[in-house]
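> In the order they appear, the protein sequences are chains X and F. Read left to right, the first sequence gives residues 447 to 602 (my numbering). Read left to right, the second sequence gives residues 1401 to 1662 (my numbering).
Worth flagging that the hints you see were computed from the coordinates, not collected in a lab. By construction, the Cβ of each residue, glycine as well, lies at the ideal position given by its N, Cα and C atoms. Take the hints with a grain of salt, since some may be wrong.
[To be verified] Covered stretches of chain F (chain X as the covering partner; in silico rule of three or more C-beta atoms under 8 Å from a C-beta of chain X):
hint, segment
1, 1449-1455
2, 1532-1542
3, 1632-1639
[Unchecked claim] Below, a list of computed lysine-lysine pairs in the BS3-like style, where the Cα atoms sit at most 27 Å apart:
hint, chain 1, residue 1, chain 2, residue 2
4, X, K535, X, K511
5, X, K502, F, K1448
6, X, K547, F, K1594
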Amino acid sequence: MTHQRHLEMMVGVFVAAGIVALFFMALQVSNLGSISDEEGYNVTARFDNIGGIKVKAPVTMAGVKVGRVTNIEFDKETFEAVATLNIEKRYDQIPDDTFAKIFTAGLLGEQYIGLDAGGSDIYLEEGSSLQLTQSALVLEEVIGQFLFSKAQEGSE
Amino acid sequence: MKSITNFFASLGSNVMSAVQKLGRAHMLFFQMVMGMDEILRRPSLLIKQLYYVGVLSVILISLSGFFVGMVLGLQGYYTLSQFGAEATLGVMVAASLVRELGPVVTALLFAGRAGSALTAEVGLMKATEQLSGLEMMAVNPVRRVLTPRLFGGIFSMPLLAAMFSMFGVLGGWFVGVGLLGVDDGTYWSQMQTKIDLHEDIYNGVIKSIVFGVVCTWIALFEGYDSTPTSEGLSRATTRTVVHSAFAILGLDFILTAIMFGE
Chain X
447 MTHQRHLEMM
457 VGVFVAAGIV
467 ALFFMALQVS
477 NLGSISDEEG
487 YNVTARFDNI
497 GGIKVKAPVT
507 MAGVKVGRVT
517 NIEFDKETFE
527 AVATLNIEKR
537 YDQIPDDTFA
547 KIFTAGLLGE
557 QYIGLDAGGS
567 DIYLEEGSSL
577 QLTQSALVLE
587 EVIGQFLFSK
597 AQEGSE
Chain F
1401 MKSITNFFAS
1411 LGSNVMSAVQ
1421 KLGRAHMLFF
1431 QMVMGMDEIL
1441 RRPSLLIKQL
1451 YYVGVLSVIL
1461 ISLSGFFVGM
1471 VLGLQGYYTL
1481 SQFGAEATLG
1491 VMVAASLVRE
1501 LGPVVTALLF
1511 AGRAGSALTA
1521 EVGLMKATEQ
1531 LSGLEMMAVN
1541 PVRRVLTPRL
1551 FGGIFSMPLL
1561 AAMFSMFGVL
1571 GGWFVGVGLL
1581 GVDDGTYWSQ
1591 MQTKIDLHED
1601 IYNGVIKSIV
1611 FGVVCTWIAL
1621 FEGYDSTPTS
1631 EGLSRATTRT
1641 VVHSAFAILG
1651 LDFILTAIMF
1661 GE
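When you get a sec, could you build the whole thing from the sequences and use the hints?
The structure is reproduced here in structure tokens:
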């Protein structure tokens, strides 16, 4: 009987340790702590060029993450990229003339969308769209422009 | 002419015996799963197997996990520091552990530690006619002997793999943060932003459950199907480890392609 008891106790400890490990993975290793899916409202933003933005890329204001990109589509009428941004519910007082820009975190880092607050009294809500956007900087274009302006300087 | 007919005959008999073996394996799996009510009626059978299959593997798995994590920390640091990207060490360690190394290495160790033991045990039971003895007493040996072992393996594997990954992450932390001077906060925060609960961790757990089923199934089938001699038993034990390793690595490729391929 005591042997059986010992066995049961060890198995109990084993199962508990395994569950602790699973919780450790979920809470300490993964993004569960910062997840707040579906708890927010969607706004769209149109960009001429979306650069390297992917679904799930962060949306930040003043460097603080306020949401995520949830969908990217191509509008075949206007030839623009339409990004759907999911903004967390608690940030519900963002003016509707907010400026959306695409930035890159560091030289090789991932791209994200930064929002600069405007001055309007009307706030963004589910389904509204951001009118003011700035496209991603494509390195080749920037270098091309730089070379072009250098060449012009030389010819003058 | 004679040698050609012999060749085809031996090819045919090999294929047929392989197909028959596959069929027996599936029949046995079906019977074991159908015997599930036995472990609900006698949970002590399952607990005993969880002890032998799971608890006794904990030290091996934890230590291996810790060492694998430490190696990942060292090697990752060496490579990443060449790009000045030591900050992503945590992501590299955690992603490789949670997605691949945790389930796969745990399953390989499990096949060597618990799988071979299961084959030897069941094979010896068959050789000493204990299984026939049970049958004579109107006890179904598959339900009584094999089913608890199968479910012991299936329940143990994800728990062991989670422990492996946890100790691996801690081992990587020990080397990266403790010895090589990566920032503590960066190690964890980079990991938390990049590792996804669904994409990475759930898929890792699903992998380990699949490996648990396959490893235990192979081990039990080889034991149950072994030739009841000392030579047959030694061959069955070898086959368990070899087949499990093949099955794990092959399935890992297929599962990875399904889960992470776009």
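> Now tell me if each hint is right for this structure.
These are the hints, each one checked on the structure:
Beta-carbon proximity to chain X at under 8 Å applies to 4 residues in the segment 1449-1455 of chain F; the threshold of 3 is reached and the given coverage holds. A stretch counts as covered by a chain when three or more of its residues have a beta carbon under 8 Å from one of that chain; for the segment 1532-1542 of chain F and chain X the count is 0, and the coverage is violated. Remark: the segment 1632-1639 of chain F is not confirmed as covered by chain X, as 0 of its residues place a Cβ nearer than 8 Å to a Cβ of that chain, below the required three. Between K535 (chain X) and K511 (chain X), the direct Cα distance comes to roughly 13 Å. Compliance with the 27 Å bound is thereby established for this hinted pair.
Restraint check for K502 (chain X) and K1448 (chain F): the C-alpha separation of about 46 Å exceeds 27 Å, so the hint is violated. With a C-alpha separation of about 22 Å, the suggested pair K547 (chain X) and K1594 (chain F) falls inside the 27 Å cut-off, and the hint holds.
The earlier numbered hints that this structure contradicts are 2, 3 and 5.
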